[in-house]
Amino acid sequence: MKEQLIFEKSRTGRKGYTLPDADVPVANASDLIPKNLLRGDKAELPEVSENEVVRHFIKLSTLNHHVDKQMYPLGSCTMKYNPKINEKTAALSGFANLHPHQRPETAQGALKLMYELTEGLREVCGMKAVSLQPAAGSHGELTGLFLIRKYHEKKGNPRKTILVPDSAHGTNPASAAIAGYDVITVKSNEHGLTDMADLKAKLNADVAGMMITNPNTIGVFESQILEIEKLLHDNDSLLYMDGANMNALLGVARPGDMGFDVVHYNLHKSFSTPHGGGGPGCGPIGVSERLVEFLPVPRIEKKTEAGKEVYFFNYDKPDSIGRMMGFFGNFGIMVRAYTYLRMHGAKGLRRIGENAIINANYLLSQLRGAYDLPFDEPVMHEFCLSGDRQKAKGVKTMDIAKRILDFGFHAPTVYFPMIVHEAIMIEPTETESKETLDLFIDVMLQIANEVETNPELVLGAPYTTPMKRLDDAYAARNINVKYTPKPEEVEA
Amino acid sequence: MNFPSELKYTKDHEWMRLEGDMAVIGITDYAQSELGDIVFVDLKAVGTKLNQHDIFGTVEAVKTVSDLFSPVSGVIAEVNTALSEASTVNQDPYQNGWMVKIKLSGSAETDALMDDAAYKTLIGQ
Chain F
0 MKEQLIFEKS
10 RTGRKGYTLP
20 DADVPVANAS
30 DLIPKNLLRG
40 DKAELPEVSE
50 NEVVRHFIKL
60 STLNHHVDKQ
70 MYPLGSCTMK
80 YNPKINEKTA
90 ALSGFANLHP
100 HQRPETAQGA
110 LKLMYELTEG
120 LREVCGMKAV
130 SLQPAAGSHG
140 ELTGLFLIRK
150 YHEKKGNPRK
160 TILVPDSAHG
170 TNPASAAIAG
180 YDVITVKSNE
190 HGLTDMADLK
200 AKLNADVAGM
210 MITNPNTIGV
220 FESQILEIEK
230 LLHDNDSLLY
240 MDGANMNALL
250 GVARPGDMGF
260 DVVHYNLHKS
270 FSTPHGGGGP
280 GCGPIGVSER
290 LVEFLPVPRI
300 EKKTEAGKEV
310 YFFNYDKPDS
320 IGRMMGFFGN
330 FGIMVRAYTY
340 LRMHGAKGLR
350 RIGENAIINA
360 NYLLSQLRGA
370 YDLPFDEPVM
380 HEFCLSGDRQ
390 KAKGVKTMDI
400 AKRILDFGFH
410 APTVYFPMIV
420 HEAIMIEPTE
430 TESKETLDLF
440 IDVMLQIANE
450 VETNPELVLG
460 APYTTPMKRL
470 DDAYAARNIN
480 VKYTPKPEEV
490 EA
Chain U
0 MNFPSELKYT
10 KDHEWMRLEG
20 DMAVIGITDY
30 AQSELGDIVF
40 VDLKAVGTKL
50 NQHDIFGTVE
60 AVKTVSDLFS
70 PVSGVIAEVN
80 TALSEASTVN
90 QDPYQNGWMV
100 KIKLSGSAET
110 DALMDDAAYK
120 TLIGQ
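Chains as they are written, first to last, in numbering that gives the first Met the number 0: chain F, 0 to 491; chain U, 0 to 124.
The hints are simulated quantities; they were obtained by calculation from the structure and are not laboratory data.
In this text, a Cβ means the ideal position worked out from N, Cα and C, and glycines have one as well.
Check each hint, because a few of them may be wrong.
Stated by the list, open to error - For the chain U half of the interface with chain F, some residues (derived, Cβ under 8 Å), not all of them:
#1 Val-23
#2 Asp-36
#3 Val-61
#4 Lys-62
#5 Thr-63
#6 Ala-85
Claimed, not checked - Here are the in silico distance ranges between beta carbons for each label pair:
#7 F:Asn-63 <-> U:Val-64: 56 to 62 Å
#8 U:Thr-63 <-> F:Gly-108: 44 to 50 Å
#9 U:Val-64 <-> F:Leu-444: 29 to 35 Å
#10 U:Ser-86 <-> F:Tyr-314: 39 to 45 Å
#11 F:Leu-458 <-> U:Gly-123: 21 to 27 Å
#12 U:Ser-86 <-> F:Leu-444: 55 to 61 Å
#13 F:Ala-196 <-> U:Ala-111: 22 to 28 Å
#14 F:Phe-326 <-> U:Val-64: 53 to 59 Å
#15 F:Pro-82 <-> U:Val-64: 55 to 61 Å
#16 F:Asp-67 <-> U:Glu-108: 39 to 45 Å
#17 U:Asp-41 <-> F:Pro-19: 56 to 62 Å
#18 F:Lys-316 <-> U:Thr-63: 39 to 45 Å
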């Protein structure tokens, strides 16, 4: 490892702060806090100076790959560049220093922002109403499925199953299972689209709904969507759209117009908020008329009082599924998405969608021929290659992915979707210039050539990264994420 | 790749060896090669009743988790506890890498499984 852990840098007594003398009586924690709540052992926090902390984390950030360093062509993840203005607005004191218990009349600006964000998202997708509560895309899925369950429950029969295509993101069946449904897989046809015969065979009175990603995970628009919509609604089954690939639709087509009843927005994908790595996220959902009454509370609404517009939280929704999140969701993320939405406006959003599609098609046009293309269909914002040809030479997709790292790019999504053998899924996003795309194309063509002429080179990759090829099987079998000090570092 | 002729095979890449009224089941050499390094094998408990095509466990590789489907109906009589060292499946899929022994509740359905030639055709070898 090129950088020690912050714990290994710790030296007893070193610190990065000085506190003034206390101007109140000093008391021991043990006199103020019940014994059963007091920590018995030392906290073992690292003792380091300010510049050590700064250098440590700056160094780690340079060892890591991130979109501020180079393109991140991770399919179905929309790793677009996040404009820095987002950070500026989110840091505005009036937003950053709000307290969630503050009275709404003292936080009207924040409520207005949330209200306008719901209105903007609603318009982008053509839905009836939007909730900002879910804290991630998968949380949006769960919320949407709870709404579907409530819809059927209110009609007297909760129904049992959710249909999910075999090309779906793994979160779809996982969310359906957590929401208490049995999952039934619908096959894809030779174009990578829904196999209509299989769908018809599996559609029955038990089906509560179907979850579809559109465009789907091989980047192809589900052209049968209106037919699917009619089949489902004739059966009183609802239609869920996984919004992971919404970047391709922005300003061009709307899920609401396709008949979807729920759609989740991945603000960290389409709307340029940070990919959290488990940090605070926001996965709003939009719904059709059928589901509005069931949305989580509180809902943000607007009324006129004494000639003035007033924003407020409305808890009075008797058929609501209730809360899905503490307080009102992750507000800082909403500020960033709102900034992005307002910076671009309607025309700008359409250009985002169009450029995302053009960039993906340009990449595909240059890589076609060097790699297999299992579904040769018109693609939207991403596409899926197969490393089958390279595998026949002894080089698997995972090896190609490792080799890409040597050129300073993040690897594409690999081994997903499951319907593509040795899958390599590439999504450039609209934020990359032609020069960057050309650089990535050169890398992919060079690697394809290396597989032919010098496969050993690819099998040994990566060579230029801070860590070389890791034994990920060993790591998974012997997972250890807790730092334990070596004996000599423990104080006597 | 090796596909012993005394075994029967499924389209889901399990193999089965009949030992009296007991079916010994594992995954094929092709399956372990496609999965890559196997990290965990999670098998249902002894005594679990299975219909043909029911899931008898899952196998977790670095890149994916896959369900394991029973080629036959019966009751799990024994599971291979040695697979706590999951890499055994990669190294020796047909002998030490066996997963479960199922006491058959019938015998007819074993005839519907593939022989090695048909399985090789299925995987394009």
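Hint-by-hint comparison with the structure:
no., hint, in the structure
1, Val-23, "25 Å, violated"
2, Asp-36, "3 Å, holds"
3, Val-61, "5 Å, holds"
4, Lys-62, "5 Å, holds"
5, Thr-63, "6 Å, holds"
6, Ala-85, "7 Å, holds"
7, F:Asn-63 <-> U:Val-64: 56 to 62 Å, "27 Å, violated"
8, U:Thr-63 <-> F:Gly-108: 44 to 50 Å, "47 Å, holds"
9, U:Val-64 <-> F:Leu-444: 29 to 35 Å, "33 Å, holds"
10, U:Ser-86 <-> F:Tyr-314: 39 to 45 Å, "55 Å, violated"
11, F:Leu-458 <-> U:Gly-123: 21 to 27 Å, "23 Å, holds"
12, U:Ser-86 <-> F:Leu-444: 55 to 61 Å, "36 Å, violated"
13, F:Ala-196 <-> U:Ala-111: 22 to 28 Å, "24 Å, holds"
14, F:Phe-326 <-> U:Val-64: 53 to 59 Å, "35 Å, violated"
15, F:Pro-82 <-> U:Val-64: 55 to 61 Å, "37 Å, violated"
16, F:Asp-67 <-> U:Glu-108: 39 to 45 Å, "58 Å, violated"
17, U:Asp-41 <-> F:Pro-19: 56 to 62 Å, "57 Å, holds"
18, F:Lys-316 <-> U:Thr-63: 39 to 45 Å, "41 Å, holds"
Going through the hint list in order, the structure does not satisfy hints 1, 7, 10, 12, 14, 15, 16.
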